[in-house]
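Quick note, the sequences are listed as chains G and B, same order.
In terms of the numbering used here, the first sequence has 234 at position 231, counting the first letter as 1, and numbering is strictly consecutive.
In terms of the numbering used here, the second sequence has 207 at position 132, counting the first letter as 1, and numbering is strictly consecutive.
The set of hints was computed from the structure by calculation and includes no laboratory data.
Quick caveat, the model's predicted, so the values are computed rather than measured.
All C-beta atoms, glycine included, are put in the ideal place defined by N, C-alpha and C.
Heads up, a few of these hints could be off.
As the list claims (entries may be wrong) - Simulated restraints, written as ranges between beta carbons of each label pair:
#	chain 1	residue 1	chain 2	residue 2	range
1	B	Q160	G	R57	45 to 55 Å
2	G	G55	B	G107	48 to 58 Å
3	B	S131	G	R198	14 to 24 Å
4	G	P213	B	P142	45 to 55 Å
Said to hold, decoys possible - One side of the interface only, derived from the structure: several residues of chain B facing chain G at Cβ under 7 Å:
#	residue
5	L108
6	N118
7	M119
8	P133
9	V137
10	T138
11	Y139
12	T159
13	G164
14	G234
15	S235
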Amino acid sequence: MLTTVTISAAIATTVFIVMFVLTLAGILTWVERKQSAIMQDRIGANRARILGLRLWGLFHIIADAVKMFTKEDFIPNTKHRFLFSLAPVLSLFFALLTFAVIPFGHQITIAGYLIPLQVASVNVGILFIFAMMSVAVYGVVLAGWSSNNNYALLGGIRASAQMISYEITIGLTLVGIIMIFQTLSLMEIVKAQGRLLFGVLPAWGIFYQPVGFLLFMIAGIAENKRIPFDIPEGESEIIGFFLEYSSMKFGMFMFADFIETVLIASLLTTFFFGGWQVPYLADTGFVFPWGGRWDLNVWLVEGMRVISFIVKVCLFCWLLMLIRWTLPRFRFDQLMNLGWKVLLPLSLANTIVTAAIVLWLD
Amino acid sequence: MTTRTVHVVNVSARRRALNFWERIYLPEVLRGLWVTGRHFCVNMWRHTLRAIGIKSVPPGAVTYQYPDERRPAAERLRSLHRLTQRPDGTPRCVACMMCETVCPAFCIKIVAEEVSDPNIEKRPKSFDIDIGRCVFCGYCVEACPEDAIRMDTGITELGSYSRRSMVLDIDTLLSLKPAAQNQGKPVDFLQKRLVS
Ligand code: SF4
Ligand code: SF4
Chain G
4 MLTTVTISAA IATTVFIVMF VLTLAGILTW VERKQSAIMQ DRIGANRARI
54 LGLRLWGLFH IIADAVKMFT KEDFIPNTKH RFLFSLAPVL SLFFALLTFA
104 VIPFGHQITI AGYLIPLQVA SVNVGILFIF AMMSVAVYGV VLAGWSSNNN
154 YALLGGIRAS AQMISYEITI GLTLVGIIMI FQTLSLMEIV KAQGRLLFGV
204 LPAWGIFYQP VGFLLFMIAG IAENKRIPFD IPEGESEIIG FFLEYSSMKF
254 GMFMFADFIE TVLIASLLTT FFFGGWQVPY LADTGFVFPW GGRWDLNVWL
304 VEGMRVISFI VKVCLFCWLL MLIRWTLPRF RFDQLMNLGW KVLLPLSLAN
354 TIVTAAIVLW LD
Chain B
76 MTTRTVHVVN VSARRRALNF WERIYLPEVL RGLWVTGRHF CVNMWRHTLR
126 AIGIKSVPPG AVTYQYPDER RPAAERLRSL HRLTQRPDGT PRCVACMMCE
176 TVCPAFCIKI VAEEVSDPNI EKRPKSFDID IGRCVFCGYC VEACPEDAIR
226 MDTGITELGS YSRRSMVLDI DTLLSLKPAA QNQGKPVDFL QKRLVS
């Protein structure tokens, strides 16, 4: 039922998650340059300054945006001008839409209404994520197709082959999670991870599904199309689907990549690292397994949970960047071998073993 | 019809076969991540300590912040040419054309003229080096029998807005000093060229 409170709550959560994702993705453009620099004993972008202030190069985010917006927006000689302009929008749109079902906190009570800290509390959240991830490939394929350029088309085709292969692994690894938590709702999955295993260990997904976590992370990075799996793009030599894009249209593709990094980090957090859960933090405060308790204000607890979610996502973003700046790229046949001959059988085996254990325990 | 011998190189014999742990990638990936992650943590720690004023830790980056901070040039660096002078200020060059002949880039142009001094006989009327074509091989220095041309000015920033200004004439070449006298300062002759 729609009331002022629920509507404004929906708007507030939407604004929060959009701001969070866009800010984090924006900062990631800077983090990527700085982190790679620090890993490689360099300094990294630090020249942009405003009024003599440099702030470790943080203004490069603004400088990049200004550059992207003011460059010439070139549209190649193609029959599909509309699709050409639509493709980057689609990439960005579907990447952002997925965040609708990701819970970033538990719930708050305002004027007697219980408001879950999640944009859309649908109870088929996982299916929604699968759906969004599989339509995300359209942006890439359309970009390749509408560019009227054979290299771009080949890039788009490579992208679709890669994303379809790795979506299967993503789906199968999450089957294990669904079987263990017996629900498709992301909020319920996160809530279930607040229990304790063997009385001490937080019941996070990674302790149930270590293999699933690894497979999901690998397939997630592949979905993200970043470096060990950047065969669709390959900006340095094999040329990718956004070859003909310039100005902010290219910027949108680049930004969609960073948003997907945040997305993979959020999904890893939600499914395997307890989402917004803080270990031993219940609704009323800390309850330690060794007997102590520490009561806290409800708002404080909720704030800590939201911050816990943000911190976990940031840590995963850091890890994904570390991976991106460490590993060399796979060859296309290696990529397909890895996807179909290694990850797929492993995720099938993982599903079967999980199913057997779940049955046995019942 | 002639027979041709085909040399087959056995690649697999030269390449070490991967063992099981290397073939499953994961341990090697973790090892790589450990290396880069360690670099990140160590450098981050050093940057932080230096940012809060503890300068005794080694710097977190090995790079030079180029226009602000110049890397000391090696003593043998081949930098911009100069023509040396006799004690009386005349060029040492005797216009023997050795350097012009040896130059692989054909960037030296000398016009000789006679002098009355029987010990010298010739001197350059004009001596142009087109820096835009020079490959900095140093052959001209090697070839010179008079030690009249050297590449020790330490000047390496040679950008310019026109091709014409890349050609240095004899007066400019004679006016340049060895690097020790420039003290690593950007030489103002560069600025002048940018304006003109
Ligand atoms: S350094 Fe080499 S290329 Fe340059 S002027 Fe001398 S001989 Fe010619
Ligand atoms: S080789 Fe030496 S002396 Fe001969 S023309 Fe060149 S600079 Fe002059």
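Against the structure, the hints come out as follows:
1. Checked against the hint of 45 to 55 Å, the pair Q160/B and R57/G passes, with Cβ atoms roughly 46 Å apart.
2. At about 40 Å, the beta-carbon gap between G55/G and G107/B misses the expected band of 48 to 58 Å.
3. Between S131/B and R198/G the CB atoms are about 49 Å apart, so this pair departs from the stated range of 14 to 24 Å.
4. A beta carbon spacing of about 50 Å between P213/G and P142/B agrees with the range 45 to 55 Å that was offered as a hint.
5. Contact between L108/B and chain G, as hinted, is supported at the beta carbon level, the nearest pair being about 5 Å apart and thus within 7 Å.
6. The closest approach between the C-beta of N118/B and any C-beta of chain G is roughly 5 Å, which is under the 7 Å cut-off, so the hint is satisfied.
7. Contact between M119/B and chain G, as hinted, is supported at the beta carbon level, the nearest pair being about 6 Å apart and thus within 7 Å.
8. Given the 7 Å rule on beta carbons, the hint for P133/B is violated: about 11 Å separates it from the nearest Cβ of chain G.
9. A distance limit of 7 Å between C-beta atoms decides the matter here; for V137/B the minimum to chain G is near 5 Å, and the interface restraint holds.
10. Interface hint status for T138/B: upheld, as the beta-carbon distance to the closest one in chain G is roughly 5 Å, under 7 Å.
11. Violation of the interface hint for Y139/B is found here, the shortest Cβ-Cβ separation to chain G being roughly 10 Å, above the 7 Å cut-off.
12. The criterion of a C-beta within 7 Å of any C-beta in chain G is not met by T159/B, whose closest approach is roughly 40 Å, and the hint is violated.
13. Interface hint at G164/B: violated, since its Cβ lies 45 Å from the closest Cβ of chain G, which is beyond the 7 Å cut-off.
14. Hint status for G234/B relative to chain G: violated, with the closest Cβ pair at about 18 Å, above 7 Å.
15. With 7 Å as the threshold, the beta carbon of S235/B stays out of range of chain G, its nearest partner Cβ sitting at about 23 Å, so the hint is violated.
Taken one by one, the earlier hints fail for this structure at numbers 2, 3, 8, 11, 12, 13, 14 and 15, listed in ascending order.
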